[in-house]
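Visitor: Protein chains in written order, with UniProt numbering: chain A, 1 to 443; chain B, 1 to 191.
Quick caveat, the hints were computed from the structure, so don't treat them as lab data. In this text, a Cβ means the ideal position worked out from N, Cα and C, and glycines have one as well. Check the hints yourself; a few may be wrong.
Simulated pairs of lysine-lysine, DSBU-like, Cα-Cα distance not exceeding 35 Å [to be verified]:
#1 266(A) <-> 110(B)
#2 248(A) <-> 266(A)
#3 287(A) <-> 269(A)
#4 110(B) <-> 68(A)
#5 247(A) <-> 110(B)
#6 248(A) <-> 269(A)
#7 80(A) <-> 91(B)
Calculated from the model, a selection of chain B residues having no Cβ within reach of chain A, i.e. all distances over 12 Å [said to hold, decoys possible]:
#8 16
#9 17
#10 34
#11 35
#12 91
#13 99
#14 111
#15 124
Pair by pair, the computed Cβ-Cβ distance ranges are [stated by the list, open to error]:
#16 100(A) <-> 121(B): 30 to 38 Å
#17 142(B) <-> 73(A): 28 to 36 Å
#18 259(A) <-> 110(B): 25 to 33 Å
#19 141(B) <-> 82(A): 44 to 52 Å
#20 92(A) <-> 32(B): 23 to 31 Å
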Amino acid sequence: MDRASKDDAFEVTDSTDWLDTPMKSLAGVDAALRCQVCRDFYSTPMITSCSHTFCSLCIRRSLNNDGKCPACRSPEQEMKLRNNNAMEDLVEAFKRGRADILAFARIPAIPVAPTRKRSLEQAEEDVEDSSPKRRRSGRTKSSSQTKSSQKATVVADSDGDSDYSPEDGTVECPICQRRVKETGINKHIDDGCPDELQAFPHITKPGSSRTGSGYAKSSIQLPEKAIKRPERLPQLNYSTTKDNVLKKKLTDAGLSAGGNRQLLEKRYKEWITLWNANCDATKPKSKGELKRELEIWERTQGGRATASSSTQMGAIIRDKEFDRDAWSGKHNDDFKQLIANAKRKAQAKKSENTSSANTPAESAGTATPDVAPTTPDVVIGDNGNDDPILIEDTPEKPASQKRFFDESNSDPPPSSQYQSKLGVLDKDAGLASDITTIRSVQP
Amino acid sequence: MSGPKTASSRTPTKRILTELTAFSSAHSPSSPHPNILSLVPLPSNLLSLRCILSGHTLPPTSGYTTGRWLLSIQVPPQYPNQPPTITFVTKICHANVKWETGEICLDVLKENWTPVLGVVGALESVVRLLGEPGVDSPLNVEMGALLRQGDTIGARGLVGYWCGEERFEGHLDEEEEGGSNREEVRGRGKR
Ligand SMILES: [Zn+2]
Ligand SMILES: [Zn+2]
Ligand SMILES: [Zn+2]
Numbered sequence: 001m002d003r004a005s006k007d008d009a010f011e012v013t014d015s016t017d018w019l020d021t022p023m024k025s026l027a028g029v030d031a032a033l034r035c036q037v038c039r040d041f042y043s044t045p046m047i048t049s050c051s052h053t054f055c056s057l058c059i060r061r062s063l064n065n066d067g068k069c070p071a072c073r074s075p076e077q078e079m080k081l082r083n084n085n086a087m088e089d090l091v092e093a094f095k096r097g098r099a100d101i102l103a104f105a106r107i108p109a110i111p112v113a114p115t116r117k118r119s120l121e122q123a124e125e126d127v128e129d130s131s132p133k134r135r136r137s138g139r140t141k142s143s144s145q146t147k148s149s150q151k152a153t154v155v156a157d158s159d160g161d162s163d164y165s166p167e168d169g170t171v172e173c174p175i176c177q178r179r180v181k182e183t184g185i186n187k188h189i190d191d192g193c194p195d196e197l198q199a200f201p202h203i204t205k206p207g208s209s210r211t212g213s214g215y216a217k218s219s220i221q222l223p224e225k226a227i228k229r230p231e232r233l234p235q236l237n238y239s240t241t242k243d244n245v246l247k248k249k250l251t252d253a254g255l256s257a258g259g260n261r262q263l264l265e266k267r268y269k270e271w272i273t274l275w276n277a278n279c280d281a282t283k284p285k286s287k288g289e290l291k292r293e294l295e296i297w298e299r300t301q302g303g304r305a306t307a308s309s310s311t312q313m314g315a316i317i318r319d320k321e322f323d324r325d326a327w328s329g330k331h332n333d334d335f336k337q338l339i340a341n342a343k344r345k346a347q348a349k350k351s352e353n354t355s356s357a358n359t360p361a362e363s364a365g366t367a368t369p370d371v372a373p374t375t376p377d378v379v380i381g382d383n384g385n386d387d388p389i390l391i392e393d394t395p396e397k398p399a400s401q402k403r404f405f406d407e408s409n410s411d412p413p414p415s416s417q418y419q420s421k422l423g424v425l426d427k428d429a430g431l432a433s434d435i436t437t438i439r440s441v442q443p
Numbered sequence: 001m002s003g004p005k006t007a008s009s010r011t012p013t014k015r016i017l018t019e020l021t022a023f024s025s026a027h028s029p030s031s032p033h034p035n036i037l038s039l040v041p042l043p044s045n046l047l048s049l050r051c052i053l054s055g056h057t058l059p060p061t062s063g064y065t066t067g068r069w070l071l072s073i074q075v076p077p078q079y080p081n082q083p084p085t086i087t088f089v090t091k092i093c094h095a096n097v098k099w100e101t102g103e104i105c106l107d108v109l110k111e112n113w114t115p116v117l118g119v120v121g122a123l124e125s126v127v128r129l130l131g132e133p134g135v136d137s138p139l140n141v142e143m144g145a146l147l148r149q150g151d152t153i154g155a156r157g158l159v160g161y162w163c164g165e166e167r168f169e170g171h172l173d174e175e176e177e178g179g180s181n182r183e184e185v186r187g188r189g190k191r
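Model the full assembly from the supplied sequences, consistent with the hints where possible.
Guide: Structure, rendered in structure tokens:
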């Protein structure tokens, strides 16, 4: 499906996508495959020594920042990180199937008139009586009919198949009851029903290509071993590195050596982070790509952006002089597209809720960036209207709110008040002394 | 096929957008964040957000149950490795909130911040702080003193008074139509 390939930088998906479908439980699966730092699917997942997993880039940036695991705050070092390959395989497999499953899950539960596909399925049903999987809710069933008859066939095949007789040139061996190529049946019996794969043509019977490819994959993947990876870069001791040495390191790496000392350090640090994260990747990127990523970082998170710390930021934005044009210009790249995509997504959700007749093709279309947005573009840096707050005029407040000691009826008597207060305070060990004070006040 | 994720997919804007999407998707009468009534970015800047918090689920003994506050959230470029700056725009009487500026003293917004928390998690911590004031280094000295002396009735009276006096009655425009409707839907759920 087209959407599977649209899982690019600007596609915002999240685990709540499943909540408005009958497959709510997939929200948990979806969430478990996401990095808690970037909230996106793990990209080159690395496991820490405290057994938490993050994207390589995310955990490296985070450790550079405070040296602690973001999940449990235990101290961690970059060199202790290890690839979590099982997680990577899981994520890649889930990502490949996600769009299709989601589209399938979103097919509205309207009864479908009998079609050619329906009769085909009916025929199968007659053959294999009622296996548990056939007895699904009308909703799921109608979905499977509209989606593709192939899917239904796969499911059906995996259940009871004893009396299944495909037209694939196989016959059932009278001794072992396995399906054997008609041309090879005599040899098969002569050989005493050998267990070799050749004797199991049923795994390649129509519709069970899934199982077949599964076997093929595992046998191909066996020799999978060490991936050739670029050499990691060592961290620099910046306090002992002279300006000219740092500049030379940057120029040697083909990076800009412009800017003040602080900027140079940040740039080189981020370069090492990007580089080392890339070393973890199953398919490492080219140096040119890494350089482009460093440029993006410089514009959005590094460079001048670092000059304003988070505390200063509040001050800047509170200030009326704050140059919003420059600010949003800095975030412009992703911004327009992100907003447009989010709107499209919200729109899609809205229309899904209002009209149940939405087809999967439509909802897939709304998530495709090259479809014209249905809402007007956000104008970045437009000074005209950036105050979204509508304060309703409420000249008269309810009288009860103005009373100084506004006690609600449900309030417990004073003594139990202290008790419940104690419960709250108990959580903070530092308040122990105050608790005794409160107690002594009591009559 | 999608290649490895680029660094551009890990900008603060992208992550905020993911958080906002998840927040609004989970927003329903049975929302997991009942105290966060709305959370919206400025139309021109995704990293500058506004939020309305409600105290209705806090214990009555806290005094904050009738409160409704507007807060401002500034997301730094280094987010999520650096915490967002959250301040009360609506005045609030609390030992750990500076009355004049709305500045909040909360460890998880400072040295104990972790990227895992996110904006929504940080806002929930703020709500929790309302119910569990710390008196060690109060930003609001008078409130700190009242609590220290164990004058919880006095403290609660003061809190309740200002919750009524300063209550934020406005709504946050969600950029286009739908927004106000949603606010109304939520209003029904409130008592
Ligand atoms: Zn990540
Ligand atoms: Zn950990
Ligand atoms: Zn046999």
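Visitor: Could you run down the list of hints and mark each one as holding or not?
Guide: Outcome of the hint check:
Restraint check for residue 266(A) and residue 110(B): satisfied, since their Cα atoms lie roughly 21 Å apart, inside the 35 Å limit. Taking the CA atoms of residue 248(A) and residue 266(A), the gap is near 15 Å; set against the 35 Å cutoff, the hint holds. For the given pair, residue 287(A) sits about 16 Å from residue 269(A) by alpha-carbon distance, which is consistent with the 35 Å threshold. About 14 Å separates the Cα atoms of residue 110(B) and residue 68(A), which keeps this hinted pair within 35 Å; it holds.
For the proposed pair residue 247(A) and residue 110(B), the alpha carbon gap of about 33 Å is at most 35 Å, so the pair holds. Distance check on the hinted pair: residue 248(A) and residue 269(A) sit about 14 Å apart at the alpha-carbon level, within 35 Å; holds. Distance check on the hinted pair: residue 80(A) and residue 91(B) sit about 47 Å apart at the alpha-carbon level, beyond 35 Å; violated. Once the 12 Å rule is applied to beta carbons, residue 16(B) is inconsistent with being away from chain A; the minimum gap is 9 Å.
A cut-off of 12 Å between C-beta atoms contradicts the statement that residue 17(B) is not in contact with chain A; the least separation is 5 Å. No beta-carbon of chain A comes within 12 Å of the beta-carbon of residue 34(B); the shortest separation is about 17 Å. With 12 Å as the threshold on Cβ separation, the claim that residue 35(B) sits away from chain A holds: the shortest Cβ distance comes to roughly 16 Å. The claim that residue 91(B) is not at the interface with chain A holds, since no C-beta of that chain comes within 12 Å of its own (minimum 14 Å).
Non-interface status of residue 99(B) relative to chain A is upheld: no Cβ of that chain comes within 12 Å, the nearest being about 16 Å off. Non-interface call for residue 111(B) relative to chain A: violated, since the shortest CB-CB distance, roughly 9 Å, does not exceed 12 Å. Chain A leaves residue 124(B) outside its interface by the beta-carbon criterion, the shortest separation being 15 Å against a cut-off of 12 Å. The hinted window of 30 to 38 Å between residue 100(A) and residue 121(B) holds, with their beta carbons roughly 32 Å apart.
Distance hint check for residue 142(B) and residue 73(A): the Cβ-Cβ separation is about 34 Å, which falls inside the suggested range of 28 to 36 Å. Here the CB-CB span from residue 259(A) to residue 110(B) is close to 28 Å, well matched to the stated 25 to 33 Å. One distance hint, 44 to 52 Å for the beta-carbon pair residue 141(B) and residue 82(A), holds here, with the actual separation near 50 Å. Against the hinted window of 23 to 31 Å, the Cβ-Cβ separation of residue 92(A) and residue 32(B) comes to about 29 Å, which satisfies the hint.
Checked against the numbered hints given earlier, this structure breaks hints 7, 8, 9, 14; the rest are met.
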